[in-house]
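Engineer: Chains as they are written, first to last, in the working numbering: chain A, 9 to 362; chain B, 864 to 1048; chain C, 501 to 872; chain D, 505 to 683.
Mixed in with the good hints there might be a few duds.
[Stated by the list, open to error] Derived lysine-lysine pairs resembling PhoX-like cross-links, with alpha carbons at most 20 Å apart:
#1 B:Lys962 / B:Lys991
#2 C:Lys529 / A:Lys161
#3 B:Lys962 / B:Lys936
#4 A:Lys343 / C:Lys695
#5 C:Lys672 / C:Lys784
#6 D:Lys639 / B:Lys1032
#7 C:Lys551 / B:Lys1014
#8 C:Lys586 / B:Lys887
#9 B:Lys938 / C:Lys551
#10 C:Lys776 / C:Lys733
Please keep in mind that the hints were generated in silico from the structure rather than gathered at the bench.
This one's a predicted model, so the numbers in the text were calculated from it and none came from an experiment.
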Amino acid sequence: MLQLFNWLIKTFPSLASHQELTAFVLFIILGLLVLTFAAVVAGSLTYFERKVAARIQSRMGPIEIGLGGYIQWVADAIKLLLKEDIIPENVDKILFRLAPYFAFLGAGLTYLVLPFSEKLILADLNVGVLYFLAVSSITVIGILMAGWASYNKWSLIGGIRSAAQIVSYEIPSALAVLPVVLYAGSLSTQDVVRAQAGWAGFHWMIFQNPFIFISFFVFFISMLAENNRIPFDLPEAESELVAGYNTEYSGMRFAMFFLAEYSNVFILSAFAVTLFLGGWQPLFGLSLKIPGTAVDLWKLFSFFFKTSIMVFLVLTIRWTLPRVRIDQLMGLCWKYLVPIAFFDLFGVMFWMVL
Amino acid sequence: MEGIENIYTYLKGKFGEGIGILDKESRDPWFEVKRENLREVATFLRDDPELGFTYLVAITGVDYSKFVDVDYKGKLCATYILYRLRDSHQLIFKVFVEKEDPVIPSVWDIWRAAEWHEREAFDLVGIKFEGHPDLRRILLPPEWEGHPLLKDYKEPEEYRTPDGYLVVKTHRPDPLRENNESDQK
Amino acid sequence: MSLTRSEEWYLNMGPHHPSTHGVLRFVVKSDGEVIDEVKPDIGFLHRGIEKIAERLEYNQIIPYYDRVDYLAAFNASWSYVMAVEKLLGIEVPPRAEYIRVILGELNRIISHLISVGSFALDMGAVTPFTWAIREREVVNDIFEMVTGSRLTYNFPRIGGVYQDVPEGFREKVLQFCEYFPPKLKEFNDLITYQKIFIHRLANVAVITPEQAIAFGLTGPNLRGSGIKYDLRKNRPYSVYSEFEFDIPVGTGEAGTLGDAYDRYMVRIREMEESCKIIKQAIEKMPDGPVRAKVPRKLKPPVGDVYAATEAPRGELGVHLISDGSSRPYRMKIRTGSFAAMSIVNEVSHGLMIADLVALIGSLDVIAPEIDR
Amino acid sequence: MAGRYKEGVENIPIEQIADALFPEVILTTVDDFLNWGRSWSVWYLLFATACCGIELMQFGGPRTDADRIGSVFRATPRQADLMIVAGTITYKMASRVKLLYEQMAEPKYVISMGACANCGGPFWYSYSVLRGIDKVIPVDFYIAGCPPRPEALLQGVIEVQKKIKKEKYLRAKKSEAGG
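Next comes chain A alone, as it looks inside the complex:
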């Protein structure tokens, strides 16, 4: 970000006199880029999810629309944008309107610290991991707002469930990240990835230490729960709460929830890769002897490749497992995940001291 800004100033000296304006325009452009990227990723994910689901269920999935069905999400987006935007009579109108944007904000802001490649990161914050943990829970505010504002009991239950769920699962997920931070010695996401350098998989965080290996699963389960994926999709449990918090939403606002949900799937997978599975660290190291510029692309590819596999895992889980009950969900968190995460944290500490 800063590099880009400096580069711009250097290349176009006329901009130097309007530094603030340049920075502002740059922000806007980058923001829009991130939004577009998020939308495309989320859209592609819906296609991917429908395809995976269909194959698991021995169906075809979308195939008729063109490009093998890939542009299905474009059609869905157009449709949702054109739908009537219903705001029911008794809802809390301000909260009802704001809720989808909050939900998406949580997903969108996390892209900021996501290291796609060594040089491709929007902001290499020195508290990146902390930022990620903090910002990703904004989504729940949106969900809670939606549930509260909808004036619908099913939505309210969905919203409350979501709140209870996220408040609980923040703890194990944060605790599961701490060992990684301890090992990397930094809160910056780039530093965490750099700490996993090596030519093969066992330099990755997950294989460096048996405790972190367990931490990975704690993190993964907690993130599934935080992002309301099956088996933890209680806030919108279709067979229980109709559609949970988004029951009353139609058209564009529903599309925002949709976008947030699928962005979160990507974010969840991307951060699991970043923190535990080597991030953009190139697969097979750099033993392939590829020229300079291609290295960055190879790193980018490595990152997306690993993320895709994680996404596939998340989707497979989604389409094979049933849903847990709310008390079981809480039980899992407080009785198992939190103690295990603490145990891991201390285990890693001892490991490092020894």
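Chain A is already provided as a structure; the job is to place chains B, C and D on it using the hints.
Structural biologist: Chains B, C and D alone, transformed into the frame defined by chain A:
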């Protein structure tokens, strides 16, 4: 205890006038229980070790007003079908009431299954079950008028929800009959 | 202290709700997620079949029975023709009985498939449902071959069945019997022995044997409570006494006797047993006519008759009262779902909303059977 | 078609007008694009009441697979475009059908599936059955059968797609705004 006749004489000896006629001609024979004695007979049928009819299959409400010429023509009737689970013995008995006074004591606490069957009989035939905890319409909407399984029931001209949200003309001539009439024209 | 007070609220579940299997409505009084009272409101599909039947001739009523229980249309209309046959004293030719048994058991399989599939769907797992539907299509093809219809067969007739089975029926059914058990095992691996699924169902919505009898539950719901009662064994009708098969009952393998998982397991096991019966029936099927000589105009004697078959959702009984004319004077349909619904309020106290979904799913009710 | 012409200019062929008015051409193209999007994303409301409901489920199942043409089911009427009324509607249910229809967001379509929803079907004689859902809500397509095969329903959805493709979304909006 096997056989309807044995059961009938056994009950007759126990309750005397409380047990009415026995219809042996019917394919599944049945006997009548007077409504005053229904609850005692029902409890006895369930609890007596020789009988032990613990399982209530169904209660059928019948309007006998257009039946063939029999003693009970013109009356309303609740038919109780019972099972004895240990040997799958089946028993049918009936309780007749006058149409003007369609009250039968409820047996919902003797066989819990009766609770809903009685509500259904009330809904469709209009027999009132005395002592039933929650005797409301069960199948038809609460604002419905009349009991459709009575033989003289007439379909209402229109259906409207109490708040006026939905108004539908329900009456429509019989399509077969209508065709015939138009053919004649 | 007033700050910590919690209030009960009323939730309106249905009639359009994904887990109510058609159109049921539950008025749920709950404290947050914990249910205090459930008032089922039924009748959204009350189509008045009993009244319609009073204006139809005896053999015109058969198609209506397909719609009483559309998931097991064959079993439902079988009950009816059995009642009329009993009323008239008609002897059914053995080949017709065997065809009825085969089709009835096939129908039981596909009915249970929908049942367990949609149960899994209620629990949040979508894939088992589509798998169940996939296997269902195979049987649907057999039915289409025999009866010409996929769902509402209108195949049994008073005194037999509509027509003989076509060529290739035997091979196709045997092929299915080979094909189905491995698929069922696959299904079980996917969902039945899945840890989350078991935890969701074990010890949930327990119906004790006493309760089950008192409320008149039938079929898998009764057997799930550990009572070995099956009309096919206990009041053998048709030719069921000639086959060897087990009656699966609930054993409380995952938790308590009579919980939701027991009822689910009974259905899974019944599908296996049905396969056994079909195999035996195909082997033993005699030649001969498929329809007894029945007069065109049926004039049964005055009187009552009650006949029932063991349909997938339990005893489906038909109580006919004849006044000697060619139309039934009164017809009452006794179904398992009606009884099953009446127990919902009794056992739902203290459950969570998610458990209520499990309870309804495990009772396997369908709306037209309740409302008729 | 009627809305496309002004008073007194009916005689001019449509091509000439389109050539003359450049924005119209753009509108048409954009309309085509929007309709393309809308038609390939017909989400249907899971509204199964009776027998047809099973065929509706089969419709989403492996053999027919509604997902092929971009149709998925939604549980809530707010997010559905197409209401497939599958099964008998009784008077007790009819007000709920109307309510669900009103809860759906525009533009919305209705398929009446099966004899019961079309006209009452075999339950014509009943005292409690609504004889055709067109008594309470507008219906776009009727599918015959008792119950119809899933393939017939698929054809019905394809007909809805065709209908959407013929619509003029932007023009409709303009005419509404204009008065």
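Engineer: Mind checking the alpha carbons of Lys938 (chain B) and Lys551 (chain C) for me, to see if they're no more than 20 Å apart?
Structural biologist: At roughly 18 Å apart (the allowed maximum being 20 Å), Lys551 (chain C) and Lys938 (chain B) satisfy the hint.
Engineer: Taking only the CA atoms, is the gap from Lys672 (chain C) to Lys784 (chain C) under or equal to 20 Å?
Structural biologist: Holds, at about 16 Å.
Engineer: Between the alpha carbons of Lys529 (chain C) and Lys161 (chain A), is the straight-line distance 20 Å or under?
Structural biologist: 12 Å, holds
Engineer: Between Lys639 (chain D) and Lys1032 (chain B), is the straight-line Cα distance small enough, at 20 Å or below?
Structural biologist: 9 Å, holds
Engineer: Are Lys551 (chain C) and Lys1014 (chain B) close enough, with their CA atoms no more than 20 Å apart?
Structural biologist: 9 Å, holds
Engineer: Starting from Lys962 (chain B), check that the Cα of Lys991 (chain B) is at most 20 Å away, please.
Structural biologist: 11 Å, holds
Engineer: Is the straight-line distance between the alpha-carbon of Lys962 (chain B) and that of Lys936 (chain B) 20 Å or less?
Structural biologist: Holds. Lys962 (chain B) to Lys936 (chain B) sits at ~11 Å (cutoff 20 Å).
Engineer: Is Lys776 (chain C) close enough to Lys733 (chain C), meaning Cα to Cα at most 20 Å?
Structural biologist: Within the cut-off at roughly 15 Å; holds.
Engineer: Against the 20 Å threshold, does the CA-CA distance of Lys586 (chain C) and Lys887 (chain B) hold or violate the hint?
Structural biologist: 15 Å, holds
Engineer: Quick one, are Lys343 (chain A) and Lys695 (chain C) close enough, alpha carbons at most 20 Å?
Structural biologist: Roughly 17 Å separates the two Cα atoms, so the pair holds.
This entry satisfies every hint, going by the numbered hints stated previously.
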